[in-house]
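Colleague: Sequence:
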Amino acid sequence: MTRPALDGIAAAQVPHSSKDTKVEFNVAEMSLQPSPPRPTDFQRSYSFSGQKDRPKSERRPTMVGDVEEKMIRPGQIRINLKGAYIVDDEGSGTPSASSEEGSAMEVETKDIRLPNHLGGVSHIAVDIGGSLAKLVYFSHEPHEELGGRLSFLKFETDRIDDCIDYMRTLQEQHQAVTGKKDDLCVMATGGGAFKFYDKIRQALDVEVQREDEMECLIIGLDFFITEIPNEVFTHSDDDPMQFVEPKADIYPYLLVNIGSGVSMVKVSGPRQYERVGGTSLGGGTLWGLLSLLTGARNFGEMLALAENGDNTAVDMLVGDIYGMNYGKIGLKSTHIASSFGKVYKMKREAEREAEDNGGLANGDEEHNDLLDGVLHRRESRSFKPEDVSRSLLYAVSNNIGQIAYLHAEKHNLERIYFGGSFIGGYAQTMNTLSYAIDFWSKGTKQAYFLRHEGYLGSVGAFLKRQPKNWGRRNSLEQMRPLYRSHSKD
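For the sequence shown, UniProt numbering assigns the number 1 to the initial residue and increments by one for each residue that follows.
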């Protein structure tokens with residue numbers, strides 16, 4: 001029997017460490033419950049049935065008959081996460097279409113391999129934000145005994161049709177192996193889950209289940225923190241990627257999710273969170289201004305420009321003002337005193353040059369043209385797109401880093417997790433955020449990053465899939481939702 005590429009999920013399991021401790025991660029209850037170790041191949045279970053915990057019998061590896069039986073009873077297949085790992089081989093990722101001219105799709109090569117999962121998955125998940133749509137789906141390896149993998153894709157939201165077309169492709173693959181079309185479900189979160197709800201339903205003619213954005217972010221982050229090896233890391237110049245071993249108690253922490261805007265969420269426990277603040281100066285600010293200032297067409301081009309830029313050609317540094325360090329208040333000469341501070345200074349110098357070359361008179365077109373010419377020559381000579389890109393990246397990152405520190409300090413939180421597509425694995429962004437947290441906290445707080453930082457919401461939505469018939473015997477009222485505190489901000 002050929003197993004379906006996509007076809008039915010209710011739960012998941014994975015070894016978390018070399019220890020044999022079994023932990024139940026119940027999304028309905030959202031609590032981590034240690035229990036005595038058991039000699040089983042399934043060390044960890046993700047249960048989404050919403051039922052109260054019951055004693056579980058010894059489990060054996062999933063067989064073909066098990067899969068067929070579970071497909072008849074939706075919501076009972078478990079994802080076996082034993083031996084799960086992140087694929088680092090560039091050649092083993094999802095086939096790429098991102099090299100095509102004009103493609104809005106960016107293929108992530110950081111798939112998560114599930115070598116011991118032999119079942120199928122009947123849903124895909126998408127987190128549609130203001131700038132990007134992030135898609136997560138499961139597929140089997142060419143040889144069924146090798147298990148499967150979770151794959152990750154990004155699409156520009158203003159080209160959402162490309163994302164829907166790709167989902168249609170997944171739907172066709174699903175139908176080809178199962179003979180069914182309407183049993184595929186799309187789990188959607190983010191603002192676009194509401195904005196494009198009808199569009200997705202009409203295009204695919206399938207169930208679209210919308211999930212709360214903040215809940216999905218927290219579920220996704222908790223999953224990555226506790227379940228996937230070599231996912232969470234710290235960053236510094238000396239050690240760009242130092243992986244962090246998961247701890248027994250991950251709470252409380254501050255989640256800083258950087259998308260088009262920025263949300264800062266205090267997470268006190270598996271069922272308790274509070275949005276404590278945020279800022280409108282996020283990824284959308286960077287992308288919008290750089291598209292105006294540099295002509296870059298997408299975020300990838302902007303990051304490439306920033307990587308090769310020199311912000312000191314645009315920013316005013318402490319050394320430009322003092323000529324040295326300002327050690328008394330802890331400022332090095334290389335610290336940024338004013339983002340884009342040299343732009344105004346150079347413009348004033350250009351105006352003085354124009355005045356020296358013939359004066360400047362109001363309404364005098366000749367002299368105004370002279371000024372415009374001088375300014376244009378100076379700007380083209382002094383401000384390269386690469387330098388502007390790096391300067392603006394630092395400006396936005398520094399602002400986010402300081403606000404994150406202030407919220408962490410206010411709420412007495414030592415651990416700060418940065419998520420969202422804004423980070424994109426870009427070293428300078430992570431370095432800026434890490435430095436800001438370390439500098440302002442005097443080393444008492446730590447910034448953490450993730451290799452799948454842009455997919456917290458979509459993975460959370462993926463994990464929230466419930467069985468089709470769930471709720472008939474167990475009322476929705478019995479499910480304990482994530483508890484939301486109400487911020488006074």
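None of these hints come from the bench; they were simulated from the model.
Bear in mind that the values here come from a model prediction, so they are computed numbers and not experimental data.
Where is the CB? At the ideal position from N, CA and C, for every residue including glycine.
Treat the hints with care, since some could be wrong.
Quick list of the computed label-pair ranges, beta carbon to beta carbon [what the hints assert, rightly or not]:
1) 444 <-> 248: 28 to 38 Å
2) 443 <-> 251: 20 to 30 Å
3) 141 <-> 334: 46 to 56 Å
4) 298 <-> 444: 36 to 46 Å
5) 280 <-> 169: 41 to 51 Å
6) 268 <-> 203: 38 to 48 Å
7) 348 <-> 249: 15 to 25 Å
8) 409 <-> 145: 50 to 60 Å
9) 272 <-> 244: 16 to 26 Å
10) 442 <-> 241: 17 to 27 Å
11) 328 <-> 281: 25 to 35 Å
12) 443 <-> 328: 35 to 45 Å
Colleague: Would you mind marking each hint as holding or not holding in the structure?
Modeller: Now the hints, each set against the structure:
1. 444 <-> 248: 28 to 38 Å: At 21 Å between Cβs, range violated.
2. 443 <-> 251: 20 to 30 Å: For residue 251 against residue 443, whose Cβ atoms are near 22 Å apart, the range 20 to 30 Å holds.
3. 141 <-> 334: 46 to 56 Å: holds (49 Å)
4. 298 <-> 444: 36 to 46 Å: holds (38 Å)
5. 280 <-> 169: 41 to 51 Å: For residue 280 and residue 169 the Cβ distance comes to about 36 Å; the hint is violated.
6. 268 <-> 203: 38 to 48 Å: holds (40 Å)
7. 348 <-> 249: 15 to 25 Å: At roughly 56 Å between Cβ atoms, residue 249 and residue 348 fall outside 15 to 25 Å, so the hint is violated.
8. 409 <-> 145: 50 to 60 Å: Holds - the Cβ-Cβ distance for residue 409 and residue 145, about 52 Å, lies within 50 to 60 Å.
9. 272 <-> 244: 16 to 26 Å: This hint holds: roughly 23 Å between Cβ atoms.
10. 442 <-> 241: 17 to 27 Å: About 24 Å separates the Cβ atoms of residue 442 and residue 241, which means 17 to 27 Å holds.
11. 328 <-> 281: 25 to 35 Å: At roughly 30 Å between Cβ atoms, residue 281 and residue 328 fall inside 25 to 35 Å, so the hint holds.
12. 443 <-> 328: 35 to 45 Å: violated (20 Å)
The earlier numbered hints that this structure contradicts are 1, 5, 7, 12.
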